[in-house]
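Colleague: For chain A, the structure is supplied; the task is to place chain B on it using the hints.
Residue numbers (the numbering used here), protein chains in the order written: chain A, 1 to 115; chain B, 1 to 314.
It should be emphasised that the hints constitute simulated quantities derived from the structure, not laboratory data.
One should not assume that every hint holds.
[As the list claims (entries may be wrong)] Below 20 Å or equal to it, Euclidean Cα-Cα: the simulated EDC-like pairs (lysine to aspartate or glutamate) are:
#1 A/K103 x A/D114
#2 B/K110 x B/E190
#3 B/K110 x B/E241
#4 B/K122 x B/E233
#5 B/K122 x B/E55
#6 B/K306 x A/D89
#7 A/K110 x B/E283
#8 B/K307 x A/D89
#9 B/K307 x A/D114
#10 A/K103 x A/E59
#11 B/K306 x A/E59
#12 B/K98 x A/E30
[Said to hold, decoys possible] Covered stretches of chain B (chain A as the covering partner; in silico rule of three or more C-beta atoms under 8 Å from a C-beta of chain A):
#13 145-157
#14 281-291
Here a beta-carbon is modelled for each residue, glycine too, at the ideal position from N, C-alpha and C.
Here's the letter readout for the chains.
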Amino acid sequence: MSELHDPPTAQQLVESVREWLETDVFPQVEGRLQFHTRVAMNVLAMVERELELGEVQNENYSAGLAAFQCSSEAELAEQIRTGALLSQDAEVEEFVMNSVIEKLRVANPKYLRDE
Amino acid sequence: MTAATGLEGITQLRRLTGGASRETWSFQVGSERHIIQRQRLTSPRDMHVEVGVLEAAYAAGVPVPRVLASSRDISGENPVGTQFMIVNAFEGETIARKILRDDEYASARKTLPAQFGSALGKLHRVSSAVEGLEDVDQIAFYQEHLRDCGQSHPAFEIAFRWLEENRPPVGRRCLVHGDFRMGNLIIGNEGLRAVLDWELAHIGDPAEDLGWLCVRAWRFGGAGPVGGIGAYEDLLEAYGEASGEYISLETLRWWEVLGTVKWGLMCISQAAYHLTGSVRSHELAAIGRRVCENEYDALLAIRELKKGKGSTRV
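In isolation and in its complexed conformation, chain A is listed as follows (with noise of 0.2 Å):
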């Protein structure tokens, strides 16, 4: 697929308005303003790993979700409630175990443990 448009990528220009949070505002300000510009490069850094990792996420995502015959996740969300996916009840958990990993990987890295 081509690029239609110009450098800087998406990525890049979140990233510089993320950087210039971090070096020119949150040292100047305080309290809630400080949390609230926390929380802002905090969201800022989700989307640059969003926009790495998310078209490759989405499209193993939905492979995975076809290996188990179901062409959305609400499907799958379905099968679970119903109990039709039962008999492969081990390989339904750990699939959705990774899916929520994957989800983690953008929203909060940090939040995964060792395992």
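Modeller: Quick look at chain B alone, frame taken from chain A:
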């Protein structure tokens, strides 16, 4: 205010917070500081229910603010203009990060887990006879919440299956705080001073409050499972002594898993305030991406509990 409360010589009246359902003000009478909460008309719950809860908890010996005055009268006769309650104020710290890390709370951290157990043990001796409280099936309630949230979460479906299959026998019903955790507790350097925020109080299983306190989100990065500072055993032991009822680790951990799912669903609701436009906030938006932390914790705990029932590994 004097007309409404009978309190003379009120000084230093200042507003503390303005939540969606109530306003909170602080004021002094002589050297004593008091808190007044005014209910907004839009509040989902009658503030007077909370007055009854606080009085019952106080009578049971739980460290709580004492209700000094209140009114459920919303007619013109009531000078405050809406339902209100006045309680005595407590000085101390509520911010979890400070309580978990600052040196001045080092000795408090040693005694708090047992004090939590003891406070809950006393609270749970209050039977279900508090006016206006409901006993709602916690699994059914949150399953419905999941169905109605407009999202799919396979991890929570797995968790609900496990919760249903491993549900402890329905225990005694009692008054449950509903949100007993750091942030809602006033801590001094000697330990627990007061239990606040009784808005979610309801009738339920006594183990619910213990499990909720151990949810990873309420450990605020601390190592111990009990509010980030203590071991399960310290909580259970003190609880048993105060209540005369010993709860098993297995039961506590079941409620911890339910609490984890519940907080995950509450994160979805928080983000929804932003997404539906009722409150625009990047902080609330970001909470939507914390749902997966709870999916992870719930699945990890279930995996661990399947392996060795009641394992204390954290």
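Colleague: Against each hint, give a clear statement of whether it holds in the structure.
Modeller: Cross-check of the supplied hints:
no., hint, verdict
1, A/K103 x A/D114, "16 Å, holds"
2, B/K110 x B/E190, "10 Å, holds"
3, B/K110 x B/E241, "18 Å, holds"
4, B/K122 x B/E233, "18 Å, holds"
5, B/K122 x B/E55, "13 Å, holds"
6, B/K306 x A/D89, "13 Å, holds"
7, A/K110 x B/E283, "19 Å, holds"
8, B/K307 x A/D89, "15 Å, holds"
9, B/K307 x A/D114, "18 Å, holds"
10, A/K103 x A/E59, "13 Å, holds"
11, B/K306 x A/E59, "31 Å, violated"
12, B/K98 x A/E30, "17 Å, holds"
13, 145-157, "holds (count 5)"
14, 281-291, "holds (count 6)"
Against the hints set out earlier in the document, a violation occurs for number 11 only.
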